[in-house]
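Visitor: Okay, here's what each chain looks like letter by letter:
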Amino acid sequence: MPIERISLRALAVGVVLALGLLSGLLLGFAALTVKSAAFESQKKSLARVIEVASVEVIRQLDQRVFGLGTSLQARDEFRVALDRKLADGEGAPLQAVLRDPFVHGFVDAGQLDLVKLRVYDAALAPLGENDSKARLPSGLPPVLQTQAAARTGVERLKALGALWLGPTGPLYSVLLPVGGLRVRGYLEVVVDPSFNLTAVARMTRMPMTLLGADGRVLHSSASPEKPEAEMLAVDYVLPAADGQPAFHLICLDDVTQLRDDVRHTTFILLAGTGLLVCVFLLFAIAFFNRFLFGPVRGLQADMERCAGGDLSATIDRPMLKEFRVLAESFNLMARQLAGKIEELRLLSCTDGLTALSNRHHFDLALVLEWSRARRTQNLLSLIILDVDHFKLYNDHYGHPAGDTCLKVVGQLLNRAVRRPTDIAARYGGEEFAILLPDTDSAGARCIAEAFMSDLAKARLPHAASPTSQRVTVSIGIASCRAADDCDADKLLAAADDALYRAKHAGRNRIES
Amino acid sequence: MMLRALLVVPACVLAFATFAAHAEKPLAPPTVAGAMLVSAEQVVELITAPLPPVLLDSRRREEFDKGHLEGAVHMHDTELTREKLARLAAAPERALLFYCNGERCLRSSNSARQAVAWGYRKVYWFRGGWQEWTDKHLPVAH
Chain A
1 MPIERISLRA LAVGVVLALG LLSGLLLGFA ALTVKSAAFE SQKKSLARVI
51 EVASVEVIRQ LDQRVFGLGT SLQARDEFRV ALDRKLADGE GAPLQAVLRD
101 PFVHGFVDAG QLDLVKLRVY DAALAPLGEN DSKARLPSGL PPVLQTQAAA
151 RTGVERLKAL GALWLGPTGP LYSVLLPVGG LRVRGYLEVV VDPSFNLTAV
201 ARMTRMPMTL LGADGRVLHS SASPEKPEAE MLAVDYVLPA ADGQPAFHLI
251 CLDDVTQLRD DVRHTTFILL AGTGLLVCVF LLFAIAFFNR FLFGPVRGLQ
301 ADMERCAGGD LSATIDRPML KEFRVLAESF NLMARQLAGK IEELRLLSCT
351 DGLTALSNRH HFDLALVLEW SRARRTQNLL SLIILDVDHF KLYNDHYGHP
401 AGDTCLKVVG QLLNRAVRRP TDIAARYGGE EFAILLPDTD SAGARCIAEA
451 FMSDLAKARL PHAASPTSQR VTVSIGIASC RAADDCDADK LLAAADDALY
501 RAKHAGRNRI ES
Chain B
1001 MMLRALLVVP ACVLAFATFA AHAEKPLAPP TVAGAMLVSA EQVVELITAP
1051 LPPVLLDSRR REEFDKGHLE GAVHMHDTEL TREKLARLAA APERALLFYC
1101 NGERCLRSSN SARQAVAWGY RKVYWFRGGW QEWTDKHLPV AH
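Same order as they appear, the protein sequences are chains A and B. For the first sequence, the working numbering begins at 1 and goes up steadily by one. For the second sequence, the working numbering begins at 1001 and goes up steadily by one.
Excised from the complex, chain A in its bound form (with noise of 0.2 Å):
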């Protein structure tokens, strides 16, 4: 489309709805990422509540557990066992004592699953374990043992736990040096820390699926009391000891109030940031409508009113920087314009050597000036008067003189004129005319005279001429009332008469 044919205000509007067209965009775009993040965030913050749980559940079984070797090792049928192990290679005290927490019930009762009680010698190396079911790998995990060896000094009386994955699930084993500050030897307790693991779900109150790492089901306390659509899954993986994944656990959060929280900040958000965009787009439309539109409209009035003729429009209302920049150069533009039409209509009027009203001006305000006079049937004077033998005055003192001469005659008829409405011209020539209206024959006779007299006094020479020694002039005047039969031709025609007479009389003289 060409540019010619596209308007500002149809420019602005297309901007003002691309604009909300776009906010609306955002909005949807908004609304969808807000449902998402909360999700998300809620994932996160849910995963860490998790995490924290089960490194606290794992931070209580290791008390635990190394409770439960502590008071075992510190009984005194533990250290005769080890001893005579130690001793004479007697494996079957040690056995029995090892047995005895899972005869007697030692372990309290739902707080740990005991696996197994396996004793080592100072080197690490195994002296016996109980003979339960569970079927372990012999010797120490493979964790535990890289961490135990590269313990030297103090450290290696300090107990040492850690999470390893056995050959049926993920066990948790705590390693206790034996013999007290001098170590004889070394008590682990294994225990099936899956057992501990469910109190996650009563810690984070939230229903939960425990899968071992080959991902079967441990533990499930998860309902279908809920359809899925409103359960959030969170997966956390806790990892053994050497950085494998351990457990998954899965808890399951009810969503139902955050959807309802989300639904609600996104109604909010929508609705609000609507209402702020239609806000927006309509102030921006009244903005423009009042400081772009309207001067524009105002503008082209102007300017068609200046092309009209009418100079003086002039713009000035409330519109914008760039408008106001361009109304000023408008306005001033007009107004150059009009001085300049001034100046020129002045000298299409004027005379340019004597500065007095030119034939054409004359002639025009001859013609208004009679209707007027028609109009109000006042009387109309025309003086008509010619310097004297001007021919022989410019032969004797040159056309420069000459110049001047009618310079001077100019100058007195101005002068001789007082009244605004009289206008003295240069008739042509020599010659100059004086239109008086609402002037009788008296009025008219009585301002020749005047200039005559100023003439005098003016003493202007004229060697050549044969009536004086002095520069001298014939007057001519008329009058009459405007009416049918006298109209301005004749009334030039009855001065120019007069003119001839005061010629022919011998000159310098006024004639009516």
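To be clear, the hints were calculated from the coordinates, so they are not data collected in a lab. Positions of the beta carbon are idealized from the N, C-alpha and C atoms, including for glycine. Hints are not guaranteed to be accurate.
Calculated cross-link-like contacts (lysine to any residue; reagent style SDA-like; alpha-carbon spacing at most 20 Å) [claimed, not checked]:
| hint | chain 1 | residue 1 | chain 2 | residue 2 |
| --- | --- | --- | --- | --- |
| 1 | B | LYS1136 | A | TYR397 |
| 2 | A | LYS158 | B | LYS1136 |
| 3 | B | LYS1136 | A | ALA149 |
| 4 | B | LYS1136 | A | ARG470 |
| 5 | B | LYS1066 | A | SER71 |
| 6 | A | LYS407 | A | TYR397 |
| 7 | A | LYS503 | A | ARG470 |
| 8 | B | LYS1136 | A | ARG151 |
| 9 | A | LYS158 | B | ILE1047 |
| 10 | A | LYS158 | B | VAL1140 |
Which bits of chain B does chain A cover? Going by a derived footprint, with three or more residues having C-beta under 8 Å, they are [stated by the list, open to error]:
| hint | segment |
| --- | --- |
| 11 | 1045 to 1057 |
| 12 | 1133 to 1141 |
Take the given structure of chain A and dock chain B to it, following the hints.
Guide: Below, chain B alone, put in the same frame as chain A:
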């Protein structure tokens, strides 16, 4: 007026007692002048050395009975006298090591300060005490 005063005074006492009961126990001083501050690891090194210091457990008797550092002697700070200490360590050059429950227990610091005042020149103070020992899963004697 009198009735109001009679009500206000017990209320203030009750409020103070409640505050005092809930207020956390004060922290033991960071150091005891004349005594050397040691960690759990340094304690192990000291008590496994050829000439270990006399270990004095300043906790309550029932706490001691539940478990204590190997070789420790129970000596509550209020029971500590010069004569009792002299029976355990006659010479002032004999090293002594005091501990109690942990950094919120002031008994071992009081005892250590007292021992320094009585002229013992090698006084060790295990500020972390029982709390640090068990947190580090170190061996416990019963």
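Visitor: Work down the list of hints and note, for each, if the structure agrees.
Guide: Now for the hints, and whether the structure bears them out:
no., hint, verdict
1, LYS1136(B) x TYR397(A), "138 Å, violated"
2, LYS158(A) x LYS1136(B), "6 Å, holds"
3, LYS1136(B) x ALA149(A), "18 Å, holds"
4, LYS1136(B) x ARG470(A), "142 Å, violated"
5, LYS1066(B) x SER71(A), "11 Å, holds"
6, LYS407(A) x TYR397(A), "15 Å, holds"
7, LYS503(A) x ARG470(A), "16 Å, holds"
8, LYS1136(B) x ARG151(A), "14 Å, holds"
9, LYS158(A) x ILE1047(B), "15 Å, holds"
10, LYS158(A) x VAL1140(B), "11 Å, holds"
11, 1045 to 1057, "holds (count 3)"
12, 1133 to 1141, "holds (count 6)"
Consistency with the previously given hints fails for numbers 1 and 4, ordered from lowest to highest.
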